[in-house]
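> Chains A and B supply the protein sequences, listed in that same order. According to my numbering, the first sequence holds residues 183 to 413 in order. According to my numbering, the second sequence holds residues 17 to 236 in order.
Source of the hints: derived by calculation from the structure; they are not laboratory data. Hints are supplied without guarantee of correctness; some may be wrong.
Stated by the list, open to error - If you anchor each label on the Cβ, the simulated ranges turn out as follows:
# : chain 1 : residue 1 : chain 2 : residue 2 : range
1 : A       : Ala323    : B       : Ala144    : 29 to 35 Å
2 : B       : Gly32     : A       : Gly306    : 54 to 60 Å
3 : B       : Gly47     : A       : Gly306    : 24 to 30 Å
4 : B       : Glu214    : A       : Ser252    : 54 to 60 Å
Stated by the list, open to error - Result set (DSSO-like, lysine-lysine): computed pairs, CA atoms no more than 30 Å apart in a straight line:
#  : chain 1 : residue 1 : chain 2 : residue 2
5  : B       : Lys153    : B       : Lys190
6  : A       : Lys234    : B       : Lys114
7  : B       : Lys146    : B       : Lys190
8  : A       : Lys321    : A       : Lys234
9  : A       : Lys321    : B       : Lys153
10 : A       : Lys321    : B       : Lys190
11 : A       : Lys321    : B       : Lys114
12 : B       : Lys232    : B       : Lys190
13 : B       : Lys153    : B       : Lys114
14 : B       : Lys114    : B       : Lys146
15 : B       : Lys232    : B       : Lys114
16 : A       : Lys236    : A       : Lys321
Claimed, not checked - Listed below are several chain B residues computed to face chain A (Cβ distance under 10 Å; list not exhaustive):
#  : residue
17 : Glu92
18 : Gly119
19 : Ala167
20 : Leu184
Built from N, CA and C at the ideal position, the CB exists for glycine as well.
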Amino acid sequence: MDLFEPTRQAFALLFSGDATLWGIIWISMWVALAAIAVTAPFAIAAGFLLAKLKFAGRRVIIVFIQALLSFPTVVIALVIYLLLSRRGPLGAFELLFTPWAIMIGYIVIALPILIVFTVSAVQGGDPRIYETARCLGAKPARAALTTLWEVRFAVMAGIVNAFGRVVSEVGCALLVGGNIAGLTRNIPTAIALETAKGEFAQGIALGMVLVTLAIGVNVALAWLQGRGGLE
Amino acid sequence: MRAPLLRVAALHMRFGARVLFDGAGFDLQAGHGYVLSGANGSGKTTLLRIIAGLESAQQGTLHFRHQVAPASRIPEPWRREIVYVHQQPYLFHTTIEKNLEYGLLQRGIAAAERRARVSEALRWAGLADKRDVPPHKLSGGEAQRAALARARLLGPALLLLDEPTANLDGQSRKQVLELVTALCIDDHTVVIASHDPEILRLAILERLVVADRQIKLDEG
Numbered sequence: 183m184d185l186f187e188p189t190r191q192a193f194a195l196l197f198s199g200d201a202t203l204w205g206i207i208w209i210s211m212w213v214a215l216a217a218i219a220v221t222a223p224f225a226i227a228a229g230f231l232l233a234k235l236k237f238a239g240r241r242v243i244i245v246f247i248q249a250l251l252s253f254p255t256v257v258i259a260l261v262i263y264l265l266l267s268r269r270g271p272l273g274a275f276e277l278l279f280t281p282w283a284i285m286i287g288y289i290v291i292a293l294p295i296l297i298v299f300t301v302s303a304v305q306g307g308d309p310r311i312y313e314t315a316r317c318l319g320a321k322p323a324r325a326a327l328t329t330l331w332e333v334r335f336a337v338m339a340g341i342v343n344a345f346g347r348v349v350s351e352v353g354c355a356l357l358v359g360g361n362i363a364g365l366t367r368n369i370p371t372a373i374a375l376e377t378a379k380g381e382f383a384q385g386i387a388l389g390m391v392l393v394t395l396a397i398g399v400n401v402a403l404a405w406l407q408g409r410g411g412l413e
Numbered sequence: 017m018r019a020p021l022l023r024v025a026a027l028h029m030r031f032g033a034r035v036l037f038d039g040a041g042f043d044l045q046a047g048h049g050y051v052l053s054g055a056n057g058s059g060k061t062t063l064l065r066i067i068a069g070l071e072s073a074q075q076g077t078l079h080f081r082h083q084v085a086p087a088s089r090i091p092e093p094w095r096r097e098i099v100y101v102h103q104q105p106y107l108f109h110t111t112i113e114k115n116l117e118y119g120l121l122q123r124g125i126a127a128a129e130r131r132a133r134v135s136e137a138l139r140w141a142g143l144a145d146k147r148d149v150p151p152h153k154l155s156g157g158e159a160q161r162a163a164l165a166r167a168r169l170l171g172p173a174l175l176l177l178d179e180p181t182a183n184l185d186g187q188s189r190k191q192v193l194e195l196v197t198a199l200c201i202d203d204h205t206v207v208i209a210s211h212d213p214e215i216l217r218l219a220i221l222e223r224l225v226v227a228d229r230q231i232k233l234d235e236g
């Protein structure tokens, strides 16, 4: 198969400002970013508490959340589909086949990733951080924020990982989003559709956007890590 | 006789089957300096951490400034009065100035006063030229001096120092010793857990000995 021509067409599509293509990119970005923005505060707080508090069953909860990491996203999508479908318990909200349904799926996928990375960051961090903050008069919430700030690069790695996972996720977006053009069609579902139709140019263009996003986010993280070290 | 600044009473502390304190008690007078001595593993660090609220004792009470609290959980306001400095202090990943400012920010001190107090503390610790330096560029002795300055500038009623000269040698140790001595002379109430013979010899310090699961003031 000739890769050159579809790739040339892909660049042409991207740089011509093709409205359909950029509309798909926009849907992907805002749904994924909104899902991470909504999930991160709760997940990071939960991760911190799981790492710091000692209570019965804590270990079981951590293992359960870790197990959720390997849970098939298509099964998560199926459960959300059943919940949001017209006869489902949340059917009255009419969210199925809307970007909100995809966002709910993304939240469920991102939640365990963010919690696990935060637990790992806090447990792997220096225990003296929280103690020092407390000894200098910080209240528990402030000391928690100080601790999270000190281990921020490990927490940010979780955010980057969760973003990368949801922005490239196809099963959930397809099942609960319905791949509706202009409404729920995002980068992964569009790639799947265009490839099936033999329209490789748009698929390659969207694939390049995804790869650029992944590299860009990681470069930004590496840059921030360098700045954090005050080198 | 004046009421003590801090009274530790009927303290019981164990880690698993290992009993560290069994009904231990002692008083600390305001403005006095104490050196806490005892064999390795006798519980010196644990005792300081209990007083600072970093460890929970199984039983016992702490009396501080006419208030009583269980030795398992000190009241939140005491944390503004009792400051503990780790054996290897942790400095936040920012500048030394911001490290020193941290406790003042928690107390809602205004910016102008913060700057003045931080500048004075940096001069006191001989770190005036390290204001904008990140902690990883400090030597062990400088980091310890920064931590001492960070604790001192908060004006705590009780300062707890855990082995401040451990892991230091030569000039670094001498400089930290000078600061520790200055703290004791300046009427701070200080408890220093230490094995350092020079600290143990400081005539200005009263000696608390941890042995046989008890804590005794050495009258000799």
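> All hints are to be evaluated individually against the structure, with a verdict given for each.
Hints versus structure:
{"no.": "1", "hint": "Ala323(A) - Ala144(B): 29 to 35 Å", "verdict": "holds (34 Å)"}
{"no.": "2", "hint": "Gly32(B) - Gly306(A): 54 to 60 Å", "verdict": "violated (25 Å)"}
{"no.": "3", "hint": "Gly47(B) - Gly306(A): 24 to 30 Å", "verdict": "violated (42 Å)"}
{"no.": "4", "hint": "Glu214(B) - Ser252(A): 54 to 60 Å", "verdict": "holds (58 Å)"}
{"no.": "5", "hint": "Lys153(B) - Lys190(B)", "verdict": "holds (20 Å)"}
{"no.": "6", "hint": "Lys234(A) - Lys114(B)", "verdict": "holds (25 Å)"}
{"no.": "7", "hint": "Lys146(B) - Lys190(B)", "verdict": "holds (19 Å)"}
{"no.": "8", "hint": "Lys321(A) - Lys234(A)", "verdict": "holds (15 Å)"}
{"no.": "9", "hint": "Lys321(A) - Lys153(B)", "verdict": "holds (29 Å)"}
{"no.": "10", "hint": "Lys321(A) - Lys190(B)", "verdict": "violated (35 Å)"}
{"no.": "11", "hint": "Lys321(A) - Lys114(B)", "verdict": "holds (18 Å)"}
{"no.": "12", "hint": "Lys232(B) - Lys190(B)", "verdict": "holds (29 Å)"}
{"no.": "13", "hint": "Lys153(B) - Lys114(B)", "verdict": "holds (15 Å)"}
{"no.": "14", "hint": "Lys114(B) - Lys146(B)", "verdict": "holds (11 Å)"}
{"no.": "15", "hint": "Lys232(B) - Lys114(B)", "verdict": "violated (39 Å)"}
{"no.": "16", "hint": "Lys236(A) - Lys321(A)", "verdict": "holds (19 Å)"}
{"no.": "17", "hint": "Glu92", "verdict": "holds (7 Å)"}
{"no.": "18", "hint": "Gly119", "verdict": "holds (4 Å)"}
{"no.": "19", "hint": "Ala167", "verdict": "holds (8 Å)"}
{"no.": "20", "hint": "Leu184", "verdict": "violated (18 Å)"}
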